[in-house]
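A.B. asks: The primary structure of each chain is shown beneath.
4 protein chains.
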Amino acid sequence: MVLYQLLRRHPEVAGINLYDHKLTENEKLSQMVSAFYTDDTQVQPYDPKTIMVDNQMVFFATSAGVTAQLSQPYIQAGFPVIDLSGDLRLEDASEYQRWYHKPAAPQLAMRQAHYGLADFESAVHQTYVANPGCYATATLLGLAPLVQNDLIDPGSIIVDAKSGTSGAGKNPAQATHFTQANDNLQIYKPNQHQHIPEIMLELQRWNDDVAAIQFMTTLLPITRGIMSTIYAKVKPGVGGAQIDQAYATTYGNKPFVHYIGEHLPDIKQVVGTNNCDIGVVYNPVTQMMVVDSVIDNLLKGAAGQAVQNFNQMFDYEETSGLNLQTFLP
Amino acid sequence: MVLYQLLRRHPEVAGINLYDHKLTENEKLSQMVSAFYTDDTQVQPYDPKTIMVDNQMVFFATSAGVTAQLSQPYIQAGFPVIDLSGDLRLEDASEYQRWYHKPAAPQLAMRQAHYGLADFESAVHQTYVANPGCYATATLLGLAPLVQNDLIDPGSIIVDAKSGTSGAGKNPAQATHFTQANDNLQIYKPNQHQHIPEIMLELQRWNDDVAAIQFMTTLLPITRGIMSTIYAKVKPGVGGAQIDQAYATTYGNKPFVHYIGEHLPDIKQVVGTNNCDIGVVYNPVTQMMVVDSVIDNLLKGAAGQAVQNFNQMFDYEETSGLNLQTFLP
Amino acid sequence: MVLYQLLRRHPEVAGINLYDHKLTENEKLSQMVSAFYTDDTQVQPYDPKTIMVDNQMVFFATSAGVTAQLSQPYIQAGFPVIDLSGDLRLEDASEYQRWYHKPAAPQLAMRQAHYGLADFESAVHQTYVANPGCYATATLLGLAPLVQNDLIDPGSIIVDAKSGTSGAGKNPAQATHFTQANDNLQIYKPNQHQHIPEIMLELQRWNDDVAAIQFMTTLLPITRGIMSTIYAKVKPGVGGAQIDQAYATTYGNKPFVHYIGEHLPDIKQVVGTNNCDIGVVYNPVTQMMVVDSVIDNLLKGAAGQAVQNFNQMFDYEETSGLNLQTFLP
Amino acid sequence: MVLYQLLRRHPEVAGINLYDHKLTENEKLSQMVSAFYTDDTQVQPYDPKTIMVDNQMVFFATSAGVTAQLSQPYIQAGFPVIDLSGDLRLEDASEYQRWYHKPAAPQLAMRQAHYGLADFESAVHQTYVANPGCYATATLLGLAPLVQNDLIDPGSIIVDAKSGTSGAGKNPAQATHFTQANDNLQIYKPNQHQHIPEIMLELQRWNDDVAAIQFMTTLLPITRGIMSTIYAKVKPGVGGAQIDQAYATTYGNKPFVHYIGEHLPDIKQVVGTNNCDIGVVYNPVTQMMVVDSVIDNLLKGAAGQAVQNFNQMFDYEETSGLNLQTFLP
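So the protein lines, in turn, are chains A, B, C and D.
Just so we're aligned, residue 1 is where the first sequence starts under UniProt numbering, counting upward by one.
Just so we're aligned, residue 1 is where the second sequence starts under UniProt numbering, counting upward by one.
Just so we're aligned, residue 1 is where the third sequence starts under UniProt numbering, counting upward by one.
Just so we're aligned, residue 1 is where the fourth sequence starts under UniProt numbering, counting upward by one.
Hint data in this document are derived by calculation from the structure and do not stem from the laboratory.
The model shown is predicted, which means the values in this text are computed figures rather than measured ones.
Just to be clear, a hint being listed does not mean it is correct.
Said to hold, decoys possible - Pairs of lysine to aspartate or glutamate residues, derived as DMTMM-like cross-links and limited to a Cα-Cα distance of at most 25 Å, are as follows:
#1 B:Lys-189 <-> B:Asp-315
#2 C:Lys-49 <-> C:Glu-95
#3 B:Lys-189 <-> C:Asp-244
#4 A:Lys-189 <-> D:Glu-121
#5 A:Lys-49 <-> A:Asp-20
#6 B:Lys-235 <-> C:Asp-39
#7 B:Lys-189 <-> C:Asp-20
#8 D:Lys-189 <-> A:Asp-20
What the hints assert, rightly or not - Just so you have them, the derived chain C footprint on chain D, three or more residues with Cβ under 8 Å:
#9 175-181
#10 240-247
Claimed, not checked - Restraint ranges, calculated between C-beta atoms of paired labels, are given here:
#11 B:Met-32 <-> D:Gln-56: 39 to 49 Å
#12 D:Ser-30 <-> C:Met-52: 46 to 56 Å
#13 B:Met-32 <-> A:Asp-20: 56 to 66 Å
#14 D:His-10 <-> A:His-101: 32 to 42 Å
#15 A:Ala-64 <-> D:Pro-284: 24 to 34 Å
#16 B:Gly-169 <-> A:His-101: 40 to 50 Å
#17 C:Gln-325 <-> B:Lys-189: 47 to 57 Å
#18 D:Pro-284 <-> A:Asp-315: 12 to 22 Å
#19 B:Gly-169 <-> A:Leu-23: 50 to 60 Å
#20 C:Thr-249 <-> D:Lys-170: 31 to 41 Å
#21 C:Asp-47 <-> B:Gly-169: 39 to 49 Å
#22 C:Met-57 <-> D:Leu-23: 51 to 61 Å
#23 B:Gln-148 <-> D:Asp-40: 55 to 65 Å
Quick reminder that beta carbons are idealized off the backbone N, C-alpha and C, glycines included.
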């Protein structure tokens, strides 16, 4: 629904049709999503043929396991798709099944889908874009300058990632019950989070020495936001100035990623925006560095990055429809 | 489970048997309730005959609708019961069905059950005690001195009650999903809360002029605690001194209810204790008064008051097993 | 600072000069307000002559007691001012001193200042607009249809108002220390809040039968938002349909105030917007009604309403620069 | 004040005298600490002679820099002291000044003071006990089995520590203002926290190969609790079974430290108790392990451990006065 709100205000978007694959006949959005009680837009039953006739492209904002089944007609027709789920982010069907515990999309489709890490990959000329996961986005943006420039020991990467509850599923569950989550910190999925394989794939595209990473996910008593605190051992001979240079160069001209030096950002400063703020501290005593990368999991971690991919796909201004602002405090 | 923790430390309790009416065979507590993962006490399948043979009394900590069905054997045998649910708090079966939307207990049983507002009613010689609801407890304790002494216009009572999420149901639900509850305030059940009829019954026992009250419930983004903010119009001729006197006298010797004058208490100061703190401010300009009554919904609002009733029933010290303390901050 | 962010994006605003009356020489905004660490706009020392020469109007976002002293030059010159503080909201200097405990502005200036409740009063042709307080805004918008149409007993108004911590002062203080505020509910200023006199003045402009109101303020463990829960006795002969009609008519064409019938709004649904959502429930049994009025205290309760007044003053579109959106959840 | 509450209920404590070095004459506790508004105990002006005459031992619960100045009389008299501050935890005066930025205690006193990590060091026959810091306690307990048994690469220790706001200072400050802390995560003091030197000292007592550690501290939007998430590379040849064995053996008979295997604990499960719960996960792919160690920063991290040291010092039962319970949820 955040995606819908973004697209409603996008200057290049002429109209939006909404579909739901659980409907059999039209239903008002106001009846389906209580937060949109003033919006009477008709949501239509899902039908690929209708979709491809009435629209120029389609966004899929579905749970894991859905587009693995539904993507084929679009791929065959070469119809543009931006998929916010994890179903086509990986390259191997059995890998997908191992991490997601659901049947995978056809192997070929997975190979062809473009991994839409928008600040590094271009979606121009792509027809199927797999939008990255939220944890993956924060982590990859935090690591890119180090891994691309071979500045760290590839076997030393540790990610201690923390997320607000809006990234942990919309359906009520025990861990996100206010009574359980409030005033608490809960580690979940140590080394099991399904974003790990896509992080590995992209890191290995940048540097095939990366073999494995340590990845912990913790549930924070906040609504929105992700902080990826990344630790890595720096290679001998590499110093603070080189690291600073790598980040400054990599992110000097990317409108949505802000390298802010040694100032380690709070989560709150990016919530409500499509920004990723990154701070880096190098400790010469331990030769270890810490990267603090923060994003809003619903914007840069999902809908915002999807709109970035959309802008690339259709050759619009990179920042079109993403001129967001958070009202501090 | 808070009740179990209290009873485990109660000096007069020799042993505790746990039963669950959904079990068919014994199961370890550690397997059933994750928070008790170190406690391997056997939980037994529910069986009235076994219960009445192996124990001297039984506490029911079940959801609405259960004891309405299960209470009969105990009532017939005159076996002591303290029931934490709302099933036998009222006096009329159709009234119960109207508010709880479930089949009621037999009318006679409802009439015989003792409404266990421990600070005002005595459970001595009682065999079936219906433990009051949390909102009801906070509200009745806040109103008692005014209503018993006929100091207010009985038609002017407004209760603006606020509760933490642990009072709103253990099962994950939309309203208590952290993402929905955090940083938010949600009014629910305006004038519909099922505690209203029991509040009315008790108020009318004190003063049959009370006809109806306004009762709003709001969900707070906190884990525990209830604040009942009560407004009422003072009768002509009644002044601040009289009101203060009524509260001081009523609560002068009750160990768990503290009248603290014009200091309006925070919720946090009672959480973790069996106390009800009450502050009162009288506004001579509007001739209206405000009562601020706070309790811990799981202790004074449920398990703690149940232990008070237990102590009365078996003639133990009033504060036995209830010498609780909250570690501030 | 929220005001600054709004004005930066206002289509009719060509430039913004920032001043601070504590500076003696220019200073970068990034050095003064950490949240704006990327903004190097020069903040200049405060000087009325410079301000009136370099600008077409001035907003004052200062604490209580400042504009009481600084407003004179502008009033004398007839230079347009929108003042977000409470200093010129009242009409009587001794009344101001009684509630704010500070020296008042000149009596004549207070009489001349326009009380900018934007949805009801017009700032066209006004030179000094006193922007209403946050609690006052939520409360007055909630009460207007009832008081203007004489539907309630004017002596029965009770306001139970709750606010997040961003409305309770920016300077660190005991009550807003996270350890004190978290997981807690704190009543403060019963019947003492300085918004009471301005609420009374405006209510009396609508209906001079209103003599006094009961007004309680409670601090919520949330960052932003105000909920005014208002209770009032309905006049004999007035029914639910009439009340509904009054709200529907009053707010039918006001872009920022949404009457949503019996649906009682959450605070979260208006945070990040300039909207005031209002729900109303009438209880025929007690003949009492409840109004639930919610706003974002920093937007509709301050900066957003200031921009509304600005738009009126300079004859811009009413919604200009206020096309805000909150990204749910 | 948590210490005072614990001691009031300690079975071996006959009486408690309270002193404050800022007072010049007696003052009631109820007047000094609002949370204790019912306690009229006299707090006396600080005077070492009086203290040593009227008492058998003294606890210091003062800020950094105070006992560095005040400890001498007690050390000279051999009068038993338990000091909750960091002033005598280290061994070197210049080291103290480097980390705490205050004048240090005499070097000799610092050498003689006993570092009271109660679960590993014995305070029997000690006269001056320096109670460890909260972060230090959680971290050392989490690391002990690994470092004592030489199971990890000593240069690979990374600590990502998270704490609630009650550990970050009682005085209102910007970072702990509810508006700043709520819904946020803030990294502070990367590699600068003053607990680092004491952690290093104790680790080196166990294994002098430990040269330096990476230590990050993050402020959580919760009131109480600390989670130390510790990462370390396991030595070649060491496997999961050995690690599990080391933890089970080390903590098999310590009443307050619970090794719970691969179950990674929440913060909430220890709040209100004097327990440290520890979970450990070994990842054979990266040969890295994660230790999750949680404590209540005010109990196990301060007052609770102080009472453990007190029990050792006076040869009481180890668990005396520490039979605490948290009422879940």
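A.B. asks: All the hints need checking, so say for each whether the structure fits it.
C.D. replies: Outcome of the hint check:
no., hint, result
1, B:Lys-189 <-> B:Asp-315, "38 Å, violated"
2, C:Lys-49 <-> C:Glu-95, "31 Å, violated"
3, B:Lys-189 <-> C:Asp-244, "20 Å, holds"
4, A:Lys-189 <-> D:Glu-121, "35 Å, violated"
5, A:Lys-49 <-> A:Asp-20, "14 Å, holds"
6, B:Lys-235 <-> C:Asp-39, "60 Å, violated"
7, B:Lys-189 <-> C:Asp-20, "48 Å, violated"
8, D:Lys-189 <-> A:Asp-20, "48 Å, violated"
9, 175-181, "holds (count 5)"
10, 240-247, "violated (count 0)"
11, B:Met-32 <-> D:Gln-56: 39 to 49 Å, "47 Å, holds"
12, D:Ser-30 <-> C:Met-52: 46 to 56 Å, "55 Å, holds"
13, B:Met-32 <-> A:Asp-20: 56 to 66 Å, "38 Å, violated"
14, D:His-10 <-> A:His-101: 32 to 42 Å, "52 Å, violated"
15, A:Ala-64 <-> D:Pro-284: 24 to 34 Å, "27 Å, holds"
16, B:Gly-169 <-> A:His-101: 40 to 50 Å, "30 Å, violated"
17, C:Gln-325 <-> B:Lys-189: 47 to 57 Å, "30 Å, violated"
18, D:Pro-284 <-> A:Asp-315: 12 to 22 Å, "47 Å, violated"
19, B:Gly-169 <-> A:Leu-23: 50 to 60 Å, "29 Å, violated"
20, C:Thr-249 <-> D:Lys-170: 31 to 41 Å, "53 Å, violated"
21, C:Asp-47 <-> B:Gly-169: 39 to 49 Å, "60 Å, violated"
22, C:Met-57 <-> D:Leu-23: 51 to 61 Å, "54 Å, holds"
23, B:Gln-148 <-> D:Asp-40: 55 to 65 Å, "30 Å, violated"
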